[in-house]
Structure formats: structure tokens, C-alpha cells
Amino acid sequence: MTSPISNHTEKIARAAGAVSIAVFASRILGLVREQVFAALFGAGYAFDAFVVAYRIPNLLRDLFAEGALSSAFVTVFTEYRQLRGEERTWRLANNVLVCLSLLVGGVVLVGMFCSPEIVGLMARDFILVPGKLGLTTLMTRIMFPFLLLISVAALVMGILNTEGKFFIPSLASSFFNLGAIVFGVGLSLAAPFFGIHPIVGMAWGVLIGGLLQLLSQVPLLFKVGFRPAWVLDLKDEGLRRIFKLMLPAVVGLSATQVNIFINTFYAASCPQGSLSWLSYAYRLFHLPMGLFGVALSIATLPLVSRHAAVHDFPALKAAFQSSLSLALLVTIPAACGLIFLAQPIIGLIYQHGQFTGIDTQQTAAALSWYALGLFAFAAVKIMVPVFYALNDTRIPVIGSFLTVAANLVFINLTLAPLQHRAIALSTSLSTFVNFFFLGAMLYHKLGGLEVRPLLATLLKVSAASLAMGLAVAYLYPVIFDRLGGGLFGQLLGLGVTISLGIGLYALLLSFLSIPEFRELAGHLKARWKK
198 MTSPISNHTE KIARAAGAVS IAVFASRILG LVREQVFAAL FGAGYAFDAF VVAYRIPNLL
258 RDLFAEGALS SAFVTVFTEY RQLRGEERTW RLANNVLVCL SLLVGGVVLV GMFCSPEIVG
318 LMARDFILVP GKLGLTTLMT RIMFPFLLLI SVAALVMGIL NTEGKFFIPS LASSFFNLGA
378 IVFGVGLSLA APFFGIHPIV GMAWGVLIGG LLQLLSQVPL LFKVGFRPAW VLDLKDEGLR
438 RIFKLMLPAV VGLSATQVNI FINTFYAASC PQGSLSWLSY AYRLFHLPMG LFGVALSIAT
498 LPLVSRHAAV HDFPALKAAF QSSLSLALLV TIPAACGLIF LAQPIIGLIY QHGQFTGIDT
558 QQTAAALSWY ALGLFAFAAV KIMVPVFYAL NDTRIPVIGS FLTVAANLVF INLTLAPLQH
618 RAIALSTSLS TFVNFFFLGA MLYHKLGGLE VRPLLATLLK VSAASLAMGL AVAYLYPVIF
678 DRLGGGLFGQ LLGLGVTISL GIGLYALLLS FLSIPEFREL AGHLKARWKK
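Numbering (the working numbering) for the sequence shown: 198 to 727.
Please note that a few of the clues may not be correct.
Label-pair restraints from in silico Cβ distances [claimed, not checked]: (1) V693 to G644: 43 to 51 Å; (2) V379 to R679: 36 to 44 Å; (3) A653 to S298: 45 to 53 Å; (4) R679 to V648: 40 to 48 Å; (5) A660 to V379: 39 to 47 Å.
Using 20 Å as the maximum straight-line C-alpha spacing, the simulated EDC-like pairs for lysine to aspartate or glutamate come out as follows [said to hold, decoys possible]: (6) K420 to E360; (7) K657 to E647; (8) K432 to E284; (9) K420 to E283; (10) K441 to D589; (11) K642 to D589; (12) K362 to E283; (13) K642 to D509; (14) K420 to E284; (15) K362 to E276; (16) K441 to E276; (17) K432 to E276; (18) K441 to D430.
These are computed hints drawn from the structure, not numbers from a lab.
Ideal placement from N, C-alpha and C gives every residue a C-beta, glycine not left out.
Work out the full structure, taking the sequences as your base and the hints as a guide.
Laid out in C-alpha cells, this is it:
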């Protein structure tokens, strides 16, 4: 007889697998976009300005798009789909869409008008470099409408995920990256002819990419039955429930945004290029983060929401534990790989054009400290939606504020000796604080969890990952030298080293008899036979 946890592992793995493929494509294109930035602008004046300008609408994006609203909407929309019928479900979707568009549209207009003040508050030291503050303000105004486009796109993604459609919505961000690359590069090449800094063209590329991300999901949205209609009913029960779930989450996520503001503020006071180094490192860190953490979170939320809607708490607990076990299985070896191979990976991906060897060293250092917290990042992504499914937004809010406090403490303790690296380290350590807090609260709320199997998996996976990390750290220089160095040696050397590392890790997991690995291997074998 198949255990409930095994069933949930297969369901989540299947859904997360589809999401992972799409997210992987998007993350690769995101890396290509960063490579373009690195080659054209390097790390310094122009890209520092772009990082701050792009970050400002993205701070609000997490509140209105992929954060509070998305989780709250999926929870209520799932319940309506299960219990209320199709007509009321689609009416709710239209009501939320209209309200969201009006609210975010107003925020965008205010943000564009107040851009100089916002930029001055976030990166006050930019005023010390002639023209840097003005360039940042201009790009902030250009990219602010991106917030509206991406908020509506995230709502559409939530609808499609609830309908069991994961691949296309997760692939939509690839269209954003394609638009940002193609139109951004084209406009940046044209910009000097109009007396405009080339990086301003990349800001326009972001806006066009956001539009493409939204439009790419529209055909599938119509296919699942959605029809647009003007519905503006502020007294609607479903809308009120969404806002009731959302408002405490906004407070919690606003704490996260305060964290990002703090990181940006301190990074702007570090030597020029620090914001660029951190941004390049975080983009690369986001590849495994998106591939595993976000994918598992997206796949888990509708499942735990369904179990919560019918009060099937044993099944909910099993689904959560399966997600956490899978996160351990994939994030710890990924973190070890990033730490032990940080410099060759950064060198291969970014060190072209204007991106120098010093930029590689500084970015690799930041990447190593970010990678330290990879499992905690993924686990928190999985845990928070479980609280939302249980209609408890208070605990994640408290956890977010604990993270802010911890981040401030860690930054102030480490900034002087570590400079920009302190921000990456503090981000990882403060996320672990949040992970332990949320884990303790969830243990209490669910009436206990099977901790021993999780600890056993953690110890075995950590041992296998450390062995793999030490092996690849030894193998890469040997293989690189044998191949004669150069770009070809870097590319093939990393490819061979990573492949050998994955093979060694899989062999060690098989030897250590980890149940989740056996289930995944069996699932993949069955799919291969089909």
C-alpha cells in the first residue's frame, strides 16, 4: 500500500517538475539578460543606477503581484472553485482584476510623480556621483508602469495554477526576459543617437517585457473559461476575504521590502560597483532558488489549499513534509555546488566585455554567502503558503519582522570587515532565523511533524553534498588545465565537473537509502518507460 506522503511526493514532484522546466527556461533567459548587462555596462555607475531604479517598482511587485495578493487569491479562488460554482468563481476573478488594476494604477501614477524623492531616500549617496541620481530617477519613472503589468500577470497566473495549469504561466516570465533582451538591446543601441544614456534603453525593454509576460498567458486564460467583465463590488464576500487574508500578509511582506530597502541603502554606501556585484550574484543564486524553492511553493499551494478547504489536515501535513523533504534533497547540493564553484561559474557567465576579473572575484564572494541560505529561502517559500491555506497570516508577519531585526543586527556586525559581502551573508542568516521560527510555529499548529525522518534526510543529504562539493572543487582545476584553459576549457570543464558531481551525489544518495530519492528515481524511471 502506498503511503500518503509517497502519493503527495509524486503529485508535488510532477507539478513542480513542469514548473521547474518553465522556470529554468526563464532563469536561463534571465541570466542571458544579466550577461548582456555585464558585457555592455560592467559593474559600476550605469548598472548601479539601473539596479536601484528596477528595484523600486519590484519592492511593490512582491506586495501586489507574487506575494500577498497571489497567495490570498489562490486560497479563496480554490475554495470558490470547490464549493461555490463556476459563475460565482469567475465573477470573483473579474472583481479582483478590476480592483487590482484601479489600485495599482493609482500607485504607479503617484510613484512616477514622486520618483526623485523615492530615489533620494533609497540611495542618497548617489548624489555624490555627478548624474547618477538623475539617471536613476529617469529609469525609475520609465519602469514604474511595469508594476501594473506584472501585478495583473501574477493574478492571471494564480487563476491558471488553480485550474491545474502550471507550465505556461511559469513560462510567461521567459517572454518578459526575451522582450527585455531584444527590445532593451535594440533601444540601448539607438539611445546615443538621441543623446540618451544607452542603459535607458534597457529600462524601456523591461516595460515591453512586462507587457509580453501578461499577453502570453491570455489565450490559456480564455481557454479555461474566463471572460472579462466590469465587476466592481467592494462588498463582495470573496473580495473581502481576500483583502482580510492579504492585509496582514502585506504588513509581513512590507517587512521583507524594508529588508530589501535596508540592503540597498547599505550597499549604496559601499564602494561603487557593490550594488552591481550583489545584483549579478543574486540573479545567479535565483536560478536554483526559482528552479526548486519557487517551483515547490507553486506546486504545493493549490494542494494544501484543497486539503485545508475540506479540513483534511493529515493530508495537508503529509503534503507539506513531502515538499520540505524534496527541498532538502535539491537545495543543499545546489548550495554546495555554488559555494565550491562560485568563481569559475561567475567567470564563465559574466566575465566578458566591460566585466573585469575584479568584478568576478567580488561577485563570486557575494554568491557564496547567498548560497549559504539556499535551503532556508526555499523552505520559507514552502512554509508561508501553508499558513495562508490555514487562514493564519499573523505568524508569517511576525517572522518577517524577526527577519528585518536579524538582518539589521547581522549587517551592522559584519559591514565594516566584509563590505558588500556582509549584505549577502546577513540575508542568508536572517532567512534562517525566519525558517526556524516558522518551523516551530507550524510544528505547534499542525500538532507535531515527523521530525526524525526530516533530520535523517538532512544529515544524509548534507554528508553527500559536502562530499560532492569537495570532489568538484578538486576536479575542476584538474579538468580545466587538461583542456588547455580558455573559454572552451571553462565551458567544458564546468560541464564535465558538474555532471560528475551530480552523478556522485546520486550514487551517494542511492547508497544512503534516502526514501524521497528512491520515490523520485522510481517516478522518473516510470515516466521514461512511457
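Hints, one by one, checked against the model:
1. The given range of 43 to 51 Å is respected by V693 and G644, whose C-beta atoms sit roughly 48 Å from each other.
2. Taking the beta carbon of each, V379 and R679 are about 38 Å apart, inside 36 to 44 Å as hinted.
3. Separated by about 49 Å at the C-beta atoms, A653 and S298 satisfy the suggested range of 45 to 53 Å.
4. For the hinted restraint 40 to 48 Å between R679 and V648, the CB-CB distance of approximately 46 Å keeps it satisfied.
5. The supplied range of 39 to 47 Å is met by A660 and V379, whose beta-carbon atoms lie about 45 Å from each other.
6. For the suggested pair K420 and E360, the alpha carbons sit about 11 Å apart, so the restraint of at most 20 Å is met.
7. Simply put, K657 and E647 have alpha-carbon atoms about 16 Å apart, close enough for the 20 Å limit, and the pair holds.
8. Between the alpha carbons of K432 and E284 the distance comes to roughly 17 Å, so the proposed pair stays at or under 20 Å and holds.
9. The suggested pairing of K420 with E283 holds, with an alpha-carbon distance near 14 Å, which does not exceed 20 Å.
10. Between K441 and D589, the direct Cα distance comes to roughly 11 Å. Compliance with the 20 Å bound is thereby established for this hinted pair.
11. The hinted pair formed by K642 and D589 meets the criterion: a straight-line CA distance of about 10 Å does not exceed 20 Å.
12. For the given pair, K362 sits about 17 Å from E283 by alpha-carbon distance, which is consistent with the 20 Å threshold.
13. Under the criterion of a C-alpha separation no larger than 20 Å, the hint pairing K642 with D509 is consistent with the structure, at around 14 Å.
14. The straight-line distance between the Cα atoms of K420 and E284 is roughly 16 Å, inside the 20 Å bound, and the hint therefore holds.
15. For the proposed pair K362 and E276, the alpha carbon gap of about 17 Å is at most 20 Å, so the pair holds.
16. Taking the CA atoms of K441 and E276, the gap is near 15 Å; set against the 20 Å cutoff, the hint holds.
17. Between K432 and E276 the CA atoms are separated by roughly 18 Å; this keeps the pair inside 20 Å, and the hint holds.
18. Proposed proximity of K441 and D430 is supported: the alpha carbons are some 15 Å apart, at most 20 Å.
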